[in-house]
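Q: Heads up: the sequence lines are chains A and B, in that order.
For what it's worth, the working numbering labels the leading residue of the first sequence as 1, then goes sequentially.
For what it's worth, the working numbering labels the leading residue of the second sequence as 1, then goes sequentially.
Since the hints were derived computationally from the structure, they do not count as laboratory data.
Just so it is clear, CB atoms sit at the ideal spot from N, CA and C, and this is done for glycine as well.
Do not rely on the hints blindly, as some may be mistaken.
[Unchecked claim] Under 8 Å between C-beta atoms, here's a sample of chain A residues computed to sit facing chain B:
{"hint": "1", "residue": "V11"}
{"hint": "2", "residue": "A181"}
{"hint": "3", "residue": "S191"}
{"hint": "4", "residue": "I194"}
{"hint": "5", "residue": "A196"}
{"hint": "6", "residue": "A198"}
{"hint": "7", "residue": "K199"}
{"hint": "8", "residue": "P203"}
{"hint": "9", "residue": "V206"}
{"hint": "10", "residue": "P207"}
[Said to hold, decoys possible] With a Cα cut of at most 20 Å, we get these calculated EDC-like pairs of lysine to aspartate or glutamate:
{"hint": "11", "chain 1": "B", "residue 1": "K83", "chain 2": "A", "residue 2": "D188"}
{"hint": "12", "chain 1": "B", "residue 1": "K58", "chain 2": "A", "residue 2": "D188"}
{"hint": "13", "chain 1": "A", "residue 1": "K241", "chain 2": "A", "residue 2": "E96"}
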Amino acid sequence: MIKNITIGQYVPGESFVHKLDPRIKIILSLVFIVNLFIIDNFSGYILVILLLAIILATGKLSPKFIYKGLKPVLVLLIITAILNIFTVKRGNLLFELGFLKVYDEGLKQAAFMALRLIFLIAGTSILTLTTSPIELTDGIEKLLKPFEKIGVPAHMIAMMMTIALRFIPTLIDETDKIMKAQMARGADFDSGNIIAKAKSLIPLLVPLFISSFRRADELAMAMEARCYKGGDGRTRMKVLKLNYNDLIAVLFFILLIIATILVNKTNLP
Amino acid sequence: MSIKIENLTHIYMPGTPFEKKALDNVNVEIKDGEFVALIGHTGSGKSTFVQHLNGLLKPSSGRIIINDTCITEGKVKLSEIRKKVGLVFQYPEYQLFEETIEKDISFGPHKLGLSEEEVFSRVRRAMDMVGLNYEKYKDKSPFELSGGQKRRVAIAGVVAMEPEVLILDEPTAGLDPKGRDEILQQIKNLHREYGMTIILVSHSMEDVAKLADRILVMHKGKAILDGEPADVFKESELLESVGLAVPQVTYLIKELRKKGFDLSEDIFTIDQAVEALQKILK
Numbered sequence: 001m002i003k004n005i006t007i008g009q010y011v012p013g014e015s016f017v018h019k020l021d022p023r024i025k026i027i028l029s030l031v032f033i034v035n036l037f038i039i040d041n042f043s044g045y046i047l048v049i050l051l052l053a054i055i056l057a058t059g060k061l062s063p064k065f066i067y068k069g070l071k072p073v074l075v076l077l078i079i080t081a082i083l084n085i086f087t088v089k090r091g092n093l094l095f096e097l098g099f100l101k102v103y104d105e106g107l108k109q110a111a112f113m114a115l116r117l118i119f120l121i122a123g124t125s126i127l128t129l130t131t132s133p134i135e136l137t138d139g140i141e142k143l144l145k146p147f148e149k150i151g152v153p154a155h156m157i158a159m160m161m162t163i164a165l166r167f168i169p170t171l172i173d174e175t176d177k178i179m180k181a182q183m184a185r186g187a188d189f190d191s192g193n194i195i196a197k198a199k200s201l202i203p204l205l206v207p208l209f210i211s212s213f214r215r216a217d218e219l220a221m222a223m224e225a226r227c228y229k230g231g232d233g234r235t236r237m238k239v240l241k242l243n244y245n246d247l248i249a250v251l252f253f254i255l256l257i258i259a260t261i262l263v264n265k266t267n268l269p
Numbered sequence: 001m002s003i004k005i006e007n008l009t010h011i012y013m014p015g016t017p018f019e020k021k022a023l024d025n026v027n028v029e030i031k032d033g034e035f036v037a038l039i040g041h042t043g044s045g046k047s048t049f050v051q052h053l054n055g056l057l058k059p060s061s062g063r064i065i066i067n068d069t070c071i072t073e074g075k076v077k078l079s080e081i082r083k084k085v086g087l088v089f090q091y092p093e094y095q096l097f098e099e100t101i102e103k104d105i106s107f108g109p110h111k112l113g114l115s116e117e118e119v120f121s122r123v124r125r126a127m128d129m130v131g132l133n134y135e136k137y138k139d140k141s142p143f144e145l146s147g148g149q150k151r152r153v154a155i156a157g158v159v160a161m162e163p164e165v166l167i168l169d170e171p172t173a174g175l176d177p178k179g180r181d182e183i184l185q186q187i188k189n190l191h192r193e194y195g196m197t198i199i200l201v202s203h204s205m206e207d208v209a210k211l212a213d214r215i216l217v218m219h220k221g222k223a224i225l226d227g228e229p230a231d232v233f234k235e236s237e238l239l240e241s242v243g244l245a246v247p248q249v250t251y252l253i254k255e256l257r258k259k260g261f262d263l264s265e266d267i268f269t270i271d272q273a274v275e276a277l278q279k280i281l282k
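Just chain A, with the same shape it has in the complex:
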């Protein structure tokens, strides 16, 4: 029933992209996002499409996963685009409908915003599709380490994220199970008005809350039983190490930025 969530769903693999150091992947994802907002003409996005295609190919990922990640935010995309079309009041007036005026700048802005959001989601879902949650939090912990001096609890943040990520599938399964159990008892989660729908969620949410608390309690107990006492002095089984492939990826992205700046300087549409 609720199996179509791609964000945060790791597709195991052995490809070049999968094997990159998670720290590098996180930084490059941030660079990718910044790059999306540097671009100021449409030709720049051809580079982005090219880049995504190359990453998908080397990562042996089907574009279907990207599409699946985009589907839930489609509404958001459309709303942003519409807002942009009607609120930007610059450039040449194209046509007006009563109080609604559409300018060519507005259309351009809307298209830019939509493209940026699409690529943003595509890029970040590639990160989560090719990086296991554990690697991801390891990477975040390492990247936050320098900030520990100014009071950022890097280890705790990473541990909380690991636990949260670890329990997403468990909770999805649990939700699915309880939903089915209540449906077998005649519950109906789909029909009725908003109030009826909200009410119909009680038989789902109450058991889910109870079981989450139970699980949290059990997990805390189990961690303490294994002598967990925070991050001080903990060593790790897999120590992150940069290698040749990471260098290639970084160089590739530097090239991308240079190319983007060059394209921005040209007069292409």
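With the hints as your guide, set chain B onto chain A.
A: Same frame as chain A, but now just chain B:
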């Protein structure tokens, strides 16, 4: 009420790397009033199979016909099917949510759109059927009960819908021996006294041998054995090869037969064994 399952196949998440064939061309017919046990190793497809029987899962291909109505094609009112086929999930106590036991059990009957009096009488009857004293328990919170009692409340929640077919997915998992025996006894009563068709998913050969008229063995999504307990338990090698076993007492009888005791081959319960041994040893 008969259930006919034809060429049932179910594939989870088709077209993704997670694709998994959970059911592979299953053909079974379950007749009115039967007590069928469904056994199989973890991941053999038992749970997937039973979820098809009341329309919670849709088959990837194949048909399910309940009382001449095909529930897998065209528009069928699922509420009608769920009224007839009740399903008790594994660890059903995790689905309890109401403040009082009475309210929780009446959730299902209310959803069927019954009158207040009818709901009231069904709740009383259901609590009676699972061995919970109505006056004593009706106003208690389900969360202050013991594990075994919680489970009974949850089973009562489905029984109160008075289905003709009751499916129970491992109803005794995680209970102590006493709680297990009580639940099994009540399931037996539901079959004997109220004439419900029962489908019991179980791991325990002992329980199955004691209760079922018919055993269906699943392995890797296929129904590999189907028949009376006596016939199914004769295939001890096949059962062992798919990670199952025959009841412990059957192994004992086998050893005794090897040592020259004159015992029948089809002894599957402790009661039968005691009786047969007493006869010989007299």
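Q: Starting from the hint list further up, note which numbers the structure goes against and sort them upward.
A: Of the numbered hints, 3, 4, 5, 6, 7 and 13 do not hold.
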